[in-house]
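Given next are the chains, with one letter for each unit.
2 protein chains.
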Amino acid sequence: MVTNKNSILRLSRYKNALYRFKTIGFFKIFSDYLADAVGVTSAQVRKDFSLFGISGNKRGGYQIDALIEKLNDILGKNELQKVILAGAGNLGSALIKYKSFEKEGIKIVAAFDIDPAKHNPKLPVPVLPLEELESFVKSHNTKIGIICVPDIAAQHTLDVMIRAGINGVLNFAPIQLKTAENCIVSNVNLETELENLIYFVNALQKAPNVRLTDN
Amino acid sequence: MVTNKNSILRLSRYKNALYRFKTIGFFKIFSDYLADAVGVTSAQVRKDFSLFGISGNKRGGYQIDALIEKLNDILGKNELQKVILAGAGNLGSALIKYKSFEKEGIKIVAAFDIDPAKHNPKLPVPVLPLEELESFVKSHNTKIGIICVPDIAAQHTLDVMIRAGINGVLNFAPIQLKTAENCIVSNVNLETELENLIYFVNALQKAPNVRLTDN
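Top line first, the protein sequences correspond to chains A and B.
With the working numbering applied, the first sequence corresponds to residues 1 to 215, in that order.
With the working numbering applied, the second sequence corresponds to residues 1 to 215, in that order.
Bound-form chain A, shown alone (with noise of 0.2 Å):
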């Protein structure tokens, strides 16, 4: 079976409507009214949720709480998501204190680093060799990493991830990364995100009269 990203994506936006839902008042819903709610289709909703073995009832909908439980469930949000991060430098420091992930029920379990003088097994989150990553994920069983490493050490450092076990990858490196089919690696650029704007910016003072939309 395949699926898409976006069928994932969509079941993260039909928890946040049920949450919703369910702070008005209802307890049960109808694919109609999810499929309103999300702006999608309800055969979508119908598809999305099949797809992931939901079954509703064609009379009497959606039971609510049993719905949000479900797609928590999928979606991994019901535990404690356990996340290592390879590179202790300034970005990855940075996001090993960054507290708007703690809010989504994430926490950076361990740092890696090739680096002796920043390992520090005692801090909160302990800084280990780059050597010890593969063990640490397979003790912890955790699923995802970070790389904050500079771009050369960038495919290595995946290369070491994908073996230890990892399905999901994070990169803040500024290179495309050659991943195995099972684990996505998702990119964050942030010189281009930058470098993009400037663009936007730099253009439109350039062509007064050109004015600027999203499509």
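Hints were generated in silico from the structure; no laboratory data involved.
A few of these clues could be false.
Which copy is meant is left open, because identical chains are indistinguishable; a pair holds if it fits in one copy or across any two.
Said to hold, decoys possible - Mimicking SDA-like on lysine to any residue, the simulated pairs with C-alpha atoms at most 25 Å apart in a straight line are: (1) Lys206 with Glu79; (2) Lys82 with Asn196; (3) Lys5 with Asn189; (4) Lys206 with Asn4; (5) Lys15 with Gln176; (6) Lys97 with Pro116; (7) Lys15 with Asp73; (8) Lys99 with Val188; (9) Lys138 with Ala17; (10) Lys118 with Phe101; (11) Lys77 with Pro174; (12) Lys97 with Leu128; (13) Lys99 with Gln176; (14) Lys107 with Glu132; (15) Lys206 with Asn72; (16) Lys99 with Ser50; (17) Lys97 with Val188; (18) Lys15 with Pro124; (19) Lys47 with Val160; (20) Lys206 with Asp65; (21) Lys5 with Lys206; (22) Lys97 with Ile114; (23) Lys138 with Leu128; (24) Lys77 with Pro150; (25) Lys206 with Arg10; (26) Lys97 with Asn187; (27) Lys82 with Glu102; (28) Lys178 with Arg13; (29) Lys122 with Val160.
Once you have looked at the hints, place chain B on chain A.
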């Protein structure tokens, strides 16, 4: 005249392709070569160019050096891009030290914070009171800002930046901001990036017969 963000992003891809053509010895280029290199139609290339007042010669094509110069000028790559930052916490401080920006000709010239304990005008990148943002931006003619403040302070910070004359903002606060017509806001939502990745990994583990596609 209305244009879209993609046309500006294509200009940067044309520029990168032109550097490659130059490297392999080209001096002149026709729009269909450039179109092939970037994966668009030659009509699209000519349309994008005419939007920004770039004209070629139907017989002789475009002079590569002159075209690169013109594109860099439109995109603002010919000059150092001065950027200000609001919120000198962990993430803000990491961005100030982030080396990859410099490679792209981007320099954070000052940071602003409401916390007096963080103020230090003598640092290489001075940290100044937020109240000084407006006068700094006006006297240094900066157009780009980065927001790294907590989400509750983000809208106020954006309002201050807009009033100061900032036209483009990279926003790291996990909140949707209301902007003005003359200011583009790009959001980098690290929680959402990581959360989506966790969703993918979890959903795929819950439905192991599901395979992920990009579209």
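Verification of the supplied hints:
Taking the shortest Cα distances, Lys206 and Glu79 sit within 25 Å of each other only across copies (14 Å), while inside one copy they are farther apart (51 Å). In this assembly of identical chains, the alpha carbons of Lys82 and Asn196 lie at most 25 Å apart only when taken from different copies (14 Å versus 32 Å within one copy). Within a single copy, Lys5 and Asn189 get their C-alpha atoms as close as 19 Å, and across copies as close as 17 Å, so both meet the 25 Å cut-off. For the identical chains of this complex, Lys206 and Asn4 are inter-copy neighbours only, at 15 Å across copies versus 39 Å inside a copy, given an alpha-carbon limit of 25 Å.
With identical chains, the CA atoms of Lys15 and Gln176 are at most 25 Å apart between copies only, with a shortest distance of 19 Å across copies and 32 Å within one. Taking CA atoms no more than 25 Å apart as the test, Lys97 paired with Pro116 passes in both settings, with 20 Å inside one copy and 21 Å between copies. Only within a single protomer do Lys15 and Asp73 lie at most 25 Å apart by alpha-carbon distance; the minimum there is 11 Å, versus 46 Å between protomers. Taking the shortest alpha-carbon separations for Lys99 and Val188, both the intra-copy value of 18 Å and the inter-copy value of 15 Å come in at or below 25 Å.
Taking the shortest Cα distances, Lys138 and Ala17 never come within 25 Å of each other, neither inside one copy (36 Å) nor across copies (43 Å). In this assembly of identical chains, Lys118 and Phe101 lie within 25 Å of each other by CA distance both inside one copy and across copies; the values are 23 Å within and 23 Å between. When the C-alpha separation of Lys77 and Pro174 is checked against a cutoff of 25 Å, the pair qualifies only between copies, where the shortest distance is 18 Å, while the shortest distance within a copy is 29 Å. For the identical chains of this complex, Lys97 and Leu128 are neighbours both inside a copy (17 Å) and across copies (23 Å), given an alpha-carbon limit of 25 Å.
Proximity of Lys99 and Gln176 under a CA criterion of 25 Å is satisfied inter-copy only: 18 Å between copies versus 28 Å inside one chain copy. When the C-alpha separation of Lys107 and Glu132 is checked against a cutoff of 25 Å, the pair qualifies only within one copy, where the shortest distance is 19 Å, while the shortest distance between copies is 36 Å. Taking CA atoms no more than 25 Å apart as the test, Lys206 paired with Asn72 passes between copies only; the shortest distance there is 11 Å, against 48 Å inside one copy. Taking the shortest alpha-carbon separations for Lys99 and Ser50, neither the intra-copy value of 36 Å nor the inter-copy value of 47 Å comes in at or below 25 Å.
For a Cα distance limit of 25 Å, the shortest separation of Lys97 from Val188 qualifies both inside one copy, at 18 Å, and across copies, at 17 Å. Neither within a single protomer nor between protomers do Lys15 and Pro124 lie at most 25 Å apart by alpha-carbon distance, with minima of 32 Å and 46 Å respectively. For a Cα distance limit of 25 Å, the shortest separation of Lys47 from Val160 qualifies neither inside one copy, at 37 Å, nor across copies, at 46 Å. Proximity of Lys206 and Asp65 under a CA criterion of 25 Å is satisfied inter-copy only: 19 Å between copies versus 54 Å inside one chain copy.
In the homo-oligomer, the alpha carbons of Lys5 and Lys206 lie at most 25 Å apart only across protomers (15 Å), although the nearest pairing inside one protomer, at 38 Å, exceeds that limit. For the identical chains of this complex, Lys97 and Ile114 are neighbours both inside a copy (20 Å) and across copies (20 Å), given an alpha-carbon limit of 25 Å. Taking the shortest Cα distances, Lys138 and Leu128 sit within 25 Å of each other inside one copy (15 Å), while across copies they are farther apart (46 Å). Proximity of Lys77 to Pro150 under the C-alpha cut-off of 25 Å is restricted to the inter-copy arrangement: shortest distance 23 Å between copies versus 31 Å within a copy.
Taking CA atoms no more than 25 Å apart as the test, Lys206 paired with Arg10 passes between copies only; the shortest distance there is 16 Å, against 39 Å inside one copy. Proximity of Lys97 and Asn187 under a CA criterion of 25 Å is satisfied in both settings, with 20 Å inside one chain copy and 20 Å between copies. Only within a single protomer do Lys82 and Glu102 lie at most 25 Å apart by alpha-carbon distance; the minimum there is 10 Å, versus 33 Å between protomers. Within a single copy, Lys178 and Arg13 get their C-alpha atoms only as close as 30 Å, which misses the 25 Å cut-off; across copies the closest is 22 Å, which meets it.
Taking the shortest Cα distances, Lys122 and Val160 sit within 25 Å of each other inside one copy (23 Å), while across copies they are farther apart (42 Å).
Of the numbered hints stated above, those contradicted by the structure are hints 9, 16, 18 and 19, listed in ascending order.
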